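Asker: Bring the two chains, given one by one in their own frames, into a single complex with the hints.
These are the residues of each chain, in order.
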Amino acid sequence: MSAEIRDVPPPGPLADVWASFTENKGAVAGLVVIVAIALVAILADVLAPHSPIEQYRDALLVPPVWAGGSWSHPLGTDDIGRDILSRLIHGARLSMIIGSIVVTLSLVAGTVLGLAAAFFKGVTDIAIMRLMDIMLALPSLLLAIVIVAILGPGLFNAMIAVSIVTLPHFTRLARASAMSELTREYVASSRLAGAGSLRLMFMTVLPNCLAPLIVQATLGFSNAILDAAALGFLGLGAQPPTPEWGTMLAGSLQFIQRAWWVVSFPGFAILVTVLAFNLMGDGLRDALDPKLKR
Amino acid sequence: MLRFILTRASLVVPTFLGIMLLSFVLIRLVPGDPIEVRMGERGITPERHAQLLHQFGLDRPLWQQFASYVGQVAQGDLGVSIITKSPVIKEFAALFPATLELGLSAILFAIVFGLPAGIVAAVRRGSAFDHGLMGISLTGYSMPIFWWGLLLILLFSVQLGWTPVSGRLSAMYFVEPKTGFLLIDALMSDEKGAFRSALRHLILPTIVLGTIPLAVIARMTRSSMLEVLNEDYIRTARAKGLGVFRVVGLHALRNALIPVVTVIGLQVGTLLGGAILTETIFSWPGIGSWLVESINRRDYPVLQGGILLVASLVMLVNLAVDLLYGVLNPRIRR
Numbered sequence: 000m001s002a003e004i005r006d007v008p009p010p011g012p013l014a015d016v017w018a019s020f021t022e023n024k025g026a027v028a029g030l031v032v033i034v035a036i037a038l039v040a041i042l043a044d045v046l047a048p049h050s051p052i053e054q055y056r057d058a059l060l061v062p063p064v065w066a067g068g069s070w071s072h073p074l075g076t077d078d079i080g081r082d083i084l085s086r087l088i089h090g091a092r093l094s095m096i097i098g099s100i101v102v103t104l105s106l107v108a109g110t111v112l113g114l115a116a117a118f119f120k121g122v123t124d125i126a127i128m129r130l131m132d133i134m135l136a137l138p139s140l141l142l143a144i145v146i147v148a149i150l151g152p153g154l155f156n157a158m159i160a161v162s163i164v165t166l167p168h169f170t171r172l173a174r175a176s177a178m179s180e181l182t183r184e185y186v187a188s189s190r191l192a193g194a195g196s197l198r199l200m201f202m203t204v205l206p207n208c209l210a211p212l213i214v215q216a217t218l219g220f221s222n223a224i225l226d227a228a229a230l231g232f233l234g235l236g237a238q239p240p241t242p243e244w245g246t247m248l249a250g251s252l253q254f255i256q257r258a259w260w261v262v263s264f265p266g267f268a269i270l271v272t273v274l275a276f277n278l279m280g281d282g283l284r285d286a287l288d289p290k291l292k293r
Numbered sequence: 000m001l002r003f004i005l006t007r008a009s010l011v012v013p014t015f016l017g018i019m020l021l022s023f024v025l026i027r028l029v030p031g032d033p034i035e036v037r038m039g040e041r042g043i044t045p046e047r048h049a050q051l052l053h054q055f056g057l058d059r060p061l062w063q064q065f066a067s068y069v070g071q072v073a074q075g076d077l078g079v080s081i082i083t084k085s086p087v088i089k090e091f092a093a094l095f096p097a098t099l100e101l102g103l104s105a106i107l108f109a110i111v112f113g114l115p116a117g118i119v120a121a122v123r124r125g126s127a128f129d130h131g132l133m134g135i136s137l138t139g140y141s142m143p144i145f146w147w148g149l150l151l152i153l154l155f156s157v158q159l160g161w162t163p164v165s166g167r168l169s170a171m172y173f174v175e176p177k178t179g180f181l182l183i184d185a186l187m188s189d190e191k192g193a194f195r196s197a198l199r200h201l202i203l204p205t206i207v208l209g210t211i212p213l214a215v216i217a218r219m220t221r222s223s224m225l226e227v228l229n230e231d232y233i234r235t236a237r238a239k240g241l242g243v244f245r246v247v248g249l250h251a252l253r254n255a256l257i258p259v260v261t262v263i264g265l266q267v268g269t270l271l272g273g274a275i276l277t278e279t280i281f282s283w284p285g286i287g288s289w290l291v292e293s294i295n296r297r298d299y300p301v302l303q304g305g306i307l308l309v310a311s312l313v314m315l316v317n318l319a320v321d322l323l324y325g326v327l328n329p330r331i332r333r
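Going down the list, the protein sequences come from chains G and R.
According to numbering that gives the first Met the number 0, the residues represented by the first sequence are 0 to 293, in order.
According to numbering that gives the first Met the number 0, the residues represented by the second sequence are 0 to 333, in order.
So here's chain R without its partners, still in its complex pose (with noise of 0.2 Å):
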């Protein structure tokens, strides 16, 4: 077992280490540089430009640049900001939160429909529930998440008026940030109305970024539930005179949740990429809408750093699947 592990995380070394090369190269090559940028259309002096250069280390050979950032990256110093001058890492940690509050609601959006729905068609395989919930499912994993986010403001904020448009909170509350989670620091504040407002702001990001997740998961659940169902231990279940609950619940449900439980780990992939243009479209301070605004700054260690965190996020999160797949199904450690 220990063996297992500790094969499949040393295999995450040499991929991190890609990683970090992939992104400082991938950020050398973006044109123009973060000082002209910042300098806008004010311009600058060619005296103070190679100075500045020089301050932030952009002068020296690449190689030399890239030595000093894995060194960096070893400390836990992914840089300093060009445009904000604060610390990347402290950035990413203060604005991780939205993202992971509203990556897990809607994964937890997503598992709470998903895997009943897929169960009940497994189940009633062929009916007009399995039919219509494999279409909506099929429509759901092709939807272009960012304009079913404009549907959805234009149904529920724009012509029934009863979620807000963008934002995390309501601007008339103010919520003092203790787990950054919103909705916990909105219960735990003084505040009244304020979790309701939190809680009503994360309804439509949630559906957003949570049908294709939920798309995946119906469509998983079903086809694991039909192949465990026709198991002849179910068979036996079934001879044994146990009711369809005890059956379906107790005997299928457990061995059909282990490809389930890989697809909703390989999901945080997705709910990151996705986050990207939920926080677009909704206004959602979180890694998504910085990443994007760093590019379009070129603000380079931020970019770097963020693109390093949310890699290893999505491997660690891959190897943890991994790992608990292998707890859960001896026969694949080797």
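Excised from the complex, chain G in its bound form (with noise of 0.2 Å):
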């Protein structure tokens, strides 16, 4: 009776953080979700009955399926007669994609400052970190307003204002991480080989950074979606027809006495949406930062 030996390799860091992931309900969860949302967004055009921006004059202001609507509109219509279902399918499409350039823009571009901060120290970072600190001064929804207001307002835009305003969080974390990565050994040892700058830079200190942001960029996710909706609320950001959900809000407030659904169903869908990103994020960190571990 002899057992057989066999070879199995310790688990990858990837599996480990997978196995650490899945163990939280809720960031399972919040994954869930997101994919669901992305594929109502991608499928958009299969999955919405109606075109997001069709005015259906005989039927303005029609309620739900449940109160007293028709399957024709199941979560009814709007003032002037639009499908409220297709306009948050079709929303969540944009959301993503707003979701998607923001955080893109602001972790490459808070990346490349932190570690240009990081790296050049002396005048370059202060001058970096002091205009961070002025930009977090001020309230990012007020900085947005301000920047949209220079820009003229629309979609794209406030996509631009909601990224600068969220990059001082990606600038001030790259540059942290990366400050405590550079008195490692392997770092000096890589100077030595003789490395340049760039590569120091990107190739050696940037992996060993990416932890963090990967948490900050999934929190970033639901404060994007959050301040570009915010702006479609105050009108200035994506216009009508434009089915993007705070669009949707700005002006539901004169229809609150008579049609609760075109209040209630946009904003449930922003809900939804950055609670599964912020459950998600909140996971990952746990997964990602061993230190935090039960």
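For the record, the hints were derived by calculation from the structure and aren't laboratory data.
Misleading hints may appear alongside valid ones.
Within a straight-line C-alpha distance of at most 20 Å, the following computed SDA-like cross-link-like pairs (lysine to any residue) qualify [unchecked claim]: (1) Lys24/G with Asp129/R; (2) Lys24/G with Thr138/R; (3) Lys24/G with Arg124/R.
From a predicted model like this one, the values you see are computed outputs, not experimental measurements.
Answerer: So this is what it looks like as structure tokens:
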């Protein structure tokens, strides 16, 4: 009776992260919701029963199906007869695009600025970090409003504004993690081996700073969706008839007395999406940062 | 100690200058000049246009405009609103109490509910209460507050008719502004029912503005308490046979509060940002709605002065929190 000794490799780092991520039920639920919303966004043209901007003049403010409406407009219609379900489905696509673009822009720019501050120290460091401090001293929504006022209202400009506003968080994080990595011996040996600044920054140090940046990117996604929706609500983001969730709420206060569905659904969609990203971000942080583990 | 305070306070000066420059440059980048905006549809002759530009100093080189702006700010002069013609600082002073009253009441709401909830969740870690509270607070943290406001109006104002929809006071009352805090002014006035009316107007905006700070404070209190409850001195206190209330309330809470105080201070920025949305929804006459209006009217001096004042406020509160932190926790004084 000889037991077979098999060569079982230890779980890789990714498998390890995945294992501790799946331990967190909330995080998994968040991931499932995000995947579902992403699918809805991709398949919006197939899933939506109507065009998001077509106005059905004979069906103004039709209530949802369970409140006396009909199946042709399951979640009812708005004040000019647009199908709310179709608008929400297409809004999912917009929100995912907004989140991706904003996070990509601020993550890339913030990482470069943060690494530059950590590497070049001195005047560069002071200039970059002072600028970030100044930006942080302004409430982010106020700064975003001012930037949109400069660039002009619109979805694209709102995305730029939100990217600029979230930039300081990524910059500070990238700088802080790069600073602590720079004191390590592997960086010194890489430098002695003749690696140039760019190689040191992006090939040697950056991969080891990724964990907190990934977490911040996930949380940044939810912030981006929230801020862009707030701008839309104030009339400074996506313009009608774009089915952006915040924009859909912009004029809804006047219908609050007679059409609760116009007010309720778009905000609920924002809440669910943002909550899903926050849940997943929390789970990722616990999974990527072993120090916080129980 | 004095050295710590001075070092930390001196860092504020370059940031303040930077904020001035930023607000100045940002505002100059806004398309459309204020004279055209003010004249609107009526149009204006080029001569009169040039004359007005000159009158407001808008035709000078940018660096000169900035230099004179810094000089004015140093004397406490933040310019005059192009639309209303009254000094910016005066408008701010007139509207700020409304925002302050709303903000204080929101932060009080957040502390009163968030602190005890966080403590109980930490003491009963893993219980249904703990899980429920963490779920609720993450939901609150994810809440689009403009929608939350609409939802509360829908429920409490439209369906139940309990609270008014907008403003600070019912139109049937007149209260002479003395402190600017309507609750206090109403109490001091002879108008019966004015206090009740002011209170009813304050409830929904308070909940809306206080929701995110509430979630943040509850989460922070819980995690900070959990950390402290694991410390050796807590075990010692328990081993001595002290009651739960004494251990939690006296030994643990005192130490757990330090990060919570910091977080409360850091909520000022969130509050002022949230005030923009909250004041817009509830037609609350504070600086949030004032700033949004100034953007729509391209009222440069108001926007510039308003941004400067708001940013300075956030900066000073952050400084105060840092100093307080240094006083509470001697380890971080370098």
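Asker: None of the hints should be skipped; say for each whether it holds.
Answerer: Status of the hints after comparison with the structure:
{"no.": "1", "hint": "Lys24/G with Asp129/R", "in the structure": "holds, 15 Å"}
{"no.": "2", "hint": "Lys24/G with Thr138/R", "in the structure": "holds, 16 Å"}
{"no.": "3", "hint": "Lys24/G with Arg124/R", "in the structure": "holds, 17 Å"}
In the structure shown, no violation is registered for any of the earlier numbered hints.
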